[in-house]
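If you read the protein sequences in the order shown, they are chains P and X. Anchor point for the first sequence: position 145 equals 149 in the numbering used here, and the numbering is continuous, going up by one each time. Anchor point for the second sequence: position 25 equals 49 in the numbering used here, and the numbering is continuous, going up by one each time.
By construction, these hints were calculated from the structure, which means they are not laboratory data. Be aware that a few hints might be false.
[Stated by the list, open to error] Covered stretches of chain P (chain X as the covering partner; in silico rule of three or more C-beta atoms under 8 angstroms from a C-beta of chain X):
hint, region
1, 30–44
2, 109–123
[Claimed, not checked] Simulated DEER-style distance windows between Cβ atoms:
hint, chain 1, residue 1, chain 2, residue 2, range
3, X, E46, P, S124, 53 to 61 angstroms
4, X, R168, P, S124, 21 to 29 angstroms
5, P, A102, X, R168, 22 to 30 angstroms
6, P, S101, X, S426, 32 to 40 angstroms
7, X, R393, P, G144, 53 to 61 angstroms
8, P, M5, X, V348, 51 to 59 angstroms
9, X, S276, P, E83, 30 to 38 angstroms
10, X, R185, P, M5, 32 to 40 angstroms
11, P, E6, X, S426, 20 to 28 angstroms
[What the hints assert, rightly or not] Some chain P residues close to chain X (C-beta under 10 angstroms, calculated; not the full set):
hint, residue
12, S9
13, R20
14, R22
15, A25
16, D75
17, L91
18, D135
19, R145
20, M146
21, G147
22, L160
23, K165
24, K171
25, E174
26, E176
Treat the numbers as computed from the prediction; the structure is a model and nothing was measured. Cβ coordinates follow ideal geometry from the N, Cα and C atoms, glycine included.
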Amino acid sequence: MELTSEEVLQLLMKWRTRVSAAAWTVVCDVHAAEDIFQNVALKAMTKDLRFESEAALLSWAFVVARREGVDWLRRRQRETLGLDDELLGLLDQEWRSAPSHPSSVKIEALRGCLAAAPESARELLKLRYFDGHSCEEVAGRMGIGLNAVYKRVSRLHVDLKRCVEAKLAETEGAA
Amino acid sequence: MDTDETRRVWILRFLEGKVSAEERARVVELLRADAEARRFLRDVAEQSVMIADIERSARAREAVASMEHPGAKRRRAVEPLRTRASGWVLAAVAGAAVLAMALYRPWRARPEAVLTVAKATGSSQFIGAAGQPASMLAAGTRLRAGDTVATRSCDAWIELRLGDGSAVTLAGHSALRVLGTDAGTPRFSLLEGSLWRSPSTGPRTGPVWIGTPTVEAEMQAGQFDVQTTAGETKVRVNQGSGRIRQILDGASAAIGPGQQIAASLSRKEPLASVSQPGPIDYWACDLWKVPEVVLGRWLPPTGQERARLAADPLLWPLGDGRSVMLYAVAIAAWKSSDRPVVLHGGSRLRFRGRTEAARTVRFGFSSQRMQGAFAGKFEIDVPSPTLGPAGATWEIDLPLASFRPLQPQLAGSPEGLELTDVYALTLEEDVGLEINHIELVPDVP
């Protein structure tokens, strides 16, 4: 049975983080990735598309997000990272099959983890991902070495993942 | 640094493009072979977009809170950010507004209506501020801050009435979000597509404020239209005046009757209003310059063809619960020309393309009145024997006079209309339709 418009919108919002992340792996720009997600959602709602199942919707959404990312790069005459369709498709498949929580729940968990992290860690991540500075520029602004920035970002990602998983497990345990 | 951390740092450098060609190949191979490496990449991607979401929500809440605080200095909900990403601020805040509505309780009582739907033609969509969608938009629906309306096909439009009696008409394939009012001035966000503003027949036509992904337009009374995509906006004024501010760098310019302003994220020229150019009757779509594709996907170039746009599937409703699968290529002609493209009855549309199997191909175009609303679609079916053998490239000239009008009540002929979208499609079966070139050729007198 076809998904209704309301179900399509609810499912897209539930998977918003992963679809946006799929776009980010192509464009490496969080604002472009957000814009691409909005375009995917608009297309799903306004292009007279029909989806038989959540799996069909997600399969379509990941492919469209990836394609929009390539178009975005092409319009700006930027090169892709070099992740070919096969590898991007593998990433999409792993996203679709990995255990998932609604985007809103994960964002709340990450918000809590960031609040508990040192101010310098939050500033580093904001500079790198929201303001779009390179690690080299972040190193200059924060007065630390470039390698130190890479290591800190690497460890922050690992620590935040552990923290978010722990919070999600607590939520499930409480529920 | 342990091996795992070494690999993670490699991946982070790869994501920034700070690796040599040899290192890039090694990282790609690592990602292909190592599930843990791919898991880290996915974690980085998810966390980066979530970090941005959290930052945007925080800024949107700050902006809203400062608007609500009594006595606070009045300022717009969109606060321009002088960051590298400033070109996307409006889209980001609009996205944050949608996210805020989806995640948080409504932060104030139901706001007052800003405009009313006077007429909705064709397939349209309404998404209320709380995220509830409705697939049919009825005349008389009152729209408030946070509501979004969208048209779902090129032959749909929505006529909206403001409090002063003036009208805003939303064109096909367009989406508009109501932001509310500021000192009595209605404020909208045109997310994609086009709209026209027509003056009131009453004593006074008030100002409006329109934001797009690229500009903020403060428009005084009069008649104007706005066309926008994610990276470009064009404003054309026929009556009245306004001021356009480019979000990317804060530059602004006045605009008056007979003038237009085009603002693009990739444009390097200073923002300036210029006289509206006259229409042209010859148009060639250089596909290799990557025009605005409404439907289709790019294929790698070959030795013979630099640009190959392949048909994408589209389920088209026929009514009564029935639908048909189309495989279509569609280009937004108005977005790939600096001047309006005028149609004449004696002109021809030239297509070059191919199919992998012999099938009838339907060719078509949509039109609008010059400086006006949708004026109809025109189509013609070309049987496979006319196109030639399957797999071979064909080039076909189609006189516009031979296209049948799908909405004859709007226009029986394309004479004098403006070209908007051009498309080609096959019905029900994917036969590998590919388009390489499209051209509008006027009749030689």
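Legend entry - chain X contact restraint on S9 (chain P) - CB to CB distance below 10 angstroms: holds, 5 angstroms
Inset, instruction - Check the following: the C-beta atoms of A102 (chain P) and R168 (chain X) are separated by a distance inside 22 to 30 angstroms. - result: With Cβ atoms ~39 angstroms apart, the hint is violated.
Legend entry - Interface restraint verdict for G147 (chain P) against chain X (beta-carbon cut-off 10 angstroms): violated, 20 angstroms
Legend entry - Residue hint E174 (chain P), partner chain X, criterion CB-CB below 10 angstroms: violated, 18 angstroms
Inset, instruction - Could you check the hint for me, namely that S101 (chain P) and S426 (chain X) are 32 to 40 angstroms apart, CB to CB? - result: violated, 51 angstroms
Legend entry - Stated coverage of the region 109–123 of chain P by chain X [criterion: 3+ residues, CB within 8 angstroms]: Our answer is that it holds, as 5 residues pass the Cβ test (under 8 angstroms) against chain X, meeting three.
Inset, instruction - Double-check R22 (chain P) for me: the hint is only fine if its C-beta lies closer than 10 angstroms to a C-beta in chain X. - result: This interface hint holds because 7 angstroms falls under the 10 angstroms limit.
Inset, instruction - Closer than 10 angstroms between Cβ atoms is the bar; does D75 (chain P) clear it against chain X? Give me holds or violated. - result: holds, 7 angstroms
Legend entry - E6 (chain P) versus S426 (chain X) beta-carbon gap, inside 20 to 28 angstroms or not: violated, 37 angstroms
Legend entry - Residue hint E176 (chain P), partner chain X, criterion CB-CB below 10 angstroms: Interface hint status for E176 (chain P): violated (18 angstroms vs cutoff 10 angstroms).
Legend entry - CB-CB spacing for V348 (chain X) and M5 (chain P) relative to the 51 to 59 angstroms hint: Since the Cβ atoms of M5 (chain P) and V348 (chain X) sit about 20 angstroms apart, the hinted range of 51 to 59 angstroms is violated.
Inset, instruction - Could you check the hint for me, namely that R185 (chain X) and M5 (chain P) are 32 to 40 angstroms apart, CB to CB? - result: With a Cβ separation near 38 angstroms, R185 (chain X) and M5 (chain P) satisfy 32 to 40 angstroms, so the hint holds.
Checked against the numbered hints given earlier, the structure breaks hints 3, 4, 5, 6, 8, 11, 19, 20, 21, 24, 25, 26 and satisfies all the rest.
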